[in-house]
Each structure stands twice: as C-alpha cells, then as structure tokens.
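K.L.:
Each chain is listed here by its residues.
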Amino acid sequence: MSKTASETPGIEVGELLARADAGDPLLVLDVRNDDEFESWRLEARRPLDTLHVPYFHFLENAEECAGRLPRDREIVVLCAQGGSSAMVVDVLREAGVAARNVAGGMVAYGAFLQPVRIPLDAADGAGWEIWQVNRRGKGCLSYVVRAGREAVVVDASRDVSWYEHFVRGLGASIVRVLDTHVHADHVSGGPPLAARASAPYFVDAGAGFELRHAVRALADGEALKLGGDPSATVAIRVMATPGHTPGSTSYLVGRRHLISGDTLFTTSVGRPDLGGHVREWGTALFHTLRERLGALSPDTVVLPAHYAGHAEIGQDGVVARRLGDLRRAVPELEIADEGAFVDAMQRALTTPPAAYDEIIRANLGLAPVEPDRATEWELGKNQCAAATMPARA
Amino acid sequence: MERKQLDVRGTKCPVPIVRAKKEIDVMRAGDVLEVLATDPGSVSDFQGWAKTSKLATLKEQRTEKDETGRAVYVHVLERKP
Chain X
1 MSKTASETPG
11 IEVGELLARA
21 DAGDPLLVLD
31 VRNDDEFESW
41 RLEARRPLDT
51 LHVPYFHFLE
61 NAEECAGRLP
71 RDREIVVLCA
81 QGGSSAMVVD
91 VLREAGVAAR
101 NVAGGMVAYG
111 AFLQPVRIPL
121 DAADGAGWEI
131 WQVNRRGKGC
141 LSYVVRAGRE
151 AVVVDASRDV
161 SWYEHFVRGL
171 GASIVRVLDT
181 HVHADHVSGG
191 PPLAARASAP
201 YFVDAGAGFE
211 LRHAVRALAD
221 GEALKLGGDP
231 SATVAIRVMA
241 TPGHTPGSTS
251 YLVGRRHLIS
261 GDTLFTTSVG
271 RPDLGGHVRE
281 WGTALFHTLR
291 ERLGALSPDT
301 VVLPAHYAGH
311 AEIGQDGVVA
321 RRLGDLRRAV
331 PELEIADEGA
341 FVDAMQRALT
351 TPPAAYDEII
361 RANLGLAPVE
371 PDRATEWELG
381 KNQCAAATMP
391 ARA
Chain H
1 MERKQLDVRG
11 TKCPVPIVRA
21 KKEIDVMRAG
31 DVLEVLATDP
41 GSVSDFQGWA
51 KTSKLATLKE
61 QRTEKDETGR
71 AVYVHVLERK
81 P
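Quick mapping for you: the protein sequence lines, in order, are chains X and H. The numbers in our numbering rise by one with no breaks, and the one at position 140 of the first sequence is 140. The numbers in our numbering rise by one with no breaks, and the one at position 46 of the second sequence is 46.
No lab work stands behind these hints, which were simulated from the structure alone. Don't take every hint at face value.
Simulated restraints, written as ranges between beta carbons of each label pair [claimed, not checked]: (1) LYS22/H - ARG73/X: 31 to 41 Å; (2) ARG19/X - GLU2/H: 46 to 56 Å; (3) ALA71/H - SER297/X: 22 to 32 Å.
Computed from a predicted model, the values in this text were never measured in an experiment. The C-beta atom is built at its ideal place from N, Cα and C for all residues, glycine as well.
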C-alpha cells in the first residue's frame, strides 16, 4: 500500500486550506466512518465540496465507488490519520481515477497552525506586533506578541517547536510564556515551551485547584514591559477575569488589544460549567463581563482563544471584534440581571467531551502527557463557548 | 466451526479492517474471527464495515484492558454463508 501511495505526492493541509480558502474547486473525498464524519469535518473559508464514502466501501466494492467520482475535478482524499485515504488513493488509481492523499488526515488538520498578523495603526505605536496563530481544525487561537527582540507567547498549542521556529523567524526570543487559563479542550504547550526557552510561565488555576507546573505569579493590574529598547516597547497588562474558570486571566496589550482567553468570544461567552460549579462561576463571569470588561473602551479589540466557525474569520484573516460591536452583537452581554445571566448559562450547557477532564489534569501538571493519548483527546473542535442564543452579525 | 484470533494491536486504520477482511474472505460459513485492536476508531469502523460487507457479521464488541492498562477493542465477527 505505502509503496504505491508514494508514487502520487500527497497534499499538505496548509496547501489544501490555502487553495480551498481561495475558492479552488477541489472535491474532498472524506473516507472516515459515519460517526467521525458527523462529529468533525474539514472546513475552509469558502464552502467545500465534500463527498463522504467510508473507506471500507472501497474494499467491498471498489469499481462502484470509483464510478461515483467525477473525472474532471481534482480530488483529495481525507481520513482520520492518512492511512485509509492512502489506500483509497491506490484503489482509485487502479480504477483510473487520479486523486491525492491529504497527508496526516484530520489529525494533521487539527494540529495545523496558521499565523496571521493583526493590523495595528499609528496610534498603537511602532516597533511591536501581535500575531494570531490560528489552529484552524480546532478553532483554537494563540498569540505571539513581539517588541524589539523579545516575544511573549500566549495560549500555546502543544506543537512547541512551531512557536520556537516562528519566534526565531521574527528575529526574537521567547522571554515569557502565558496561558489565559487552564484549558480543557487542548493540551497546553505553555509549560514545555517555557522550560525549553528558560522563560517564566504563568497560569492562574484559581483557588482550590492543585497546580503542579512551576509558575512565576503575576498580580492583577501588573504591567509586563516587553521590548527592552524604549523605541520598541509595549506593555501587557494583567487582568483577572474569573468566570470561565476561577483563575481566568486576560491580557491587555498596548492600549486596546485584549487577549480575552475564553472569557469573551466574537459571538458568545465562555461556558462557566467545566468545573461543575456553574452558578458560582457563572456569577463571577457576569461580574467580569459587566464590570471588568465593561470598564474598557468600546474600541478595545477582543482577541479570543477560540472561535466556533469559519464565518468568524474576517476579511483580513483575523478572528477579532471591537468590544463596542460585541456589546450589541452578543446577547449574553445585554443581560443586566445576575440571576437571569446565570440561568441563561445553565440552560445553554451541553455535555462536554469526555476527554476534557483528562486534558485539565494534564494542564494542571497532575498527569503526564503521552503524545498519542493527547492526539486522541484533542480530536474535534473546541466546545468552550456557552451557546445560549445566536449572535447577531 | 473454527474460531480464530487476529491480533492487530498497535496498527492504525485501515490495517485492522484490511486484515480482518482477508481472514473472513477465506473462512467458512459459521467460522468466528476475534479481532484485537487498539485503534479507538476501529469500533465505528467495524460497525460500518459489517453493514456493507457481504461476508462478515459483527456479533459482539467489547473493550478490555491489556497488561499495560491500554484499552483493547475486541471485535467478534462471524463469516456469513
């Protein structure tokens, strides 16, 4: 199988997404089983043409399956990890249909990171930049803030060498690693990234949680100066924003860019139930949104840790929204009564994926991370938002 | 009637199904094949394959633990007439 599969070059996830985003008329042949196909699909910024035929159909009836495929379209074959799709590429070739294998399948899609530079204007100052690193398959967003030759990484995914390579490419080195909270949907790259860079790491787990990772504590309101050189500095202000978790922290970069974690997204708010204390954490979230974020300028650019769908990616490729716009668009922000807000949160809840408990334990440092297990835990999109009501555009 | 075990622990898809199909193809009606797999995706894959297969029926699926605590998915198949 692998002998013949190597004759046709595969297509990398990055190339596939770039072409699909640009409207290239590819046909995605998804050969995973029904359950996997129903729970998580490849998405691009434009609608994708997808045909779903599980790979075992090709084993039983190759001719008939091949006959269902068009001959005048470029076909890419996708499965969970790239093995079954490679086999289908071979079966198709024998039937005279050309196709390419998506290298690494949905696992590679779920790990793929795409950096996008956030547009700044003259009033933001010169000599620094923020990159939003979009983990497209999971809808996870991490950030690299660079000033001069210093960089801070926020909410790093597990692929720490990607961040090291990226920061080197910016001509900087990592001087601090931050997490906005103890993530539940993905294994944090923060602790290993900090260790490898010999940089301090910070996350606030909140009272009552045992955190075994070494952290350099930061206080609410503290300002971290980045850049060293006065002509290229930016301050990152630490803001305690409890609710999604009791230790949730947001970071205000410069005067108006808020790395908001799972406190506030571009269409909803973070779910406050993952610790099993929905009323208590929901109450904290209500006060965070109204009082702490309420005190910020409407021009604040909210940079969340997640998004739910590709429609949230703007024309410039960035997932971000002005706080003033969010106050009108996110229904939860309009609820003025604490009890009504908590009730709305409680109604919105869905059962979180089973793996979330194991991911939280790993991110607290209570259990070791085995790469294969972590890959299994991380399958699928994040489910970190409380979807109470549809947001308005 | 024969009862056979196929150990595909450690392999990823499509190997468990491809190897099980190879065995089933040469078995006789009523013969039973017990497949031991560690790929969690194999649970849905065997269900889906059994629905399309002309020769295999899925009689039972269960999860066991091996000596290292790793989950082993056991798929019990019967060869159709």
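K.L.:
Taking the hints in turn, state whether each one holds.
P.N.:
Hints, verified against the model:
| no. | hint | verdict |
| --- | --- | --- |
| 1 | LYS22/H - ARG73/X: 31 to 41 Å | holds (32 Å) |
| 2 | ARG19/X - GLU2/H: 46 to 56 Å | holds (51 Å) |
| 3 | ALA71/H - SER297/X: 22 to 32 Å | violated (51 Å) |
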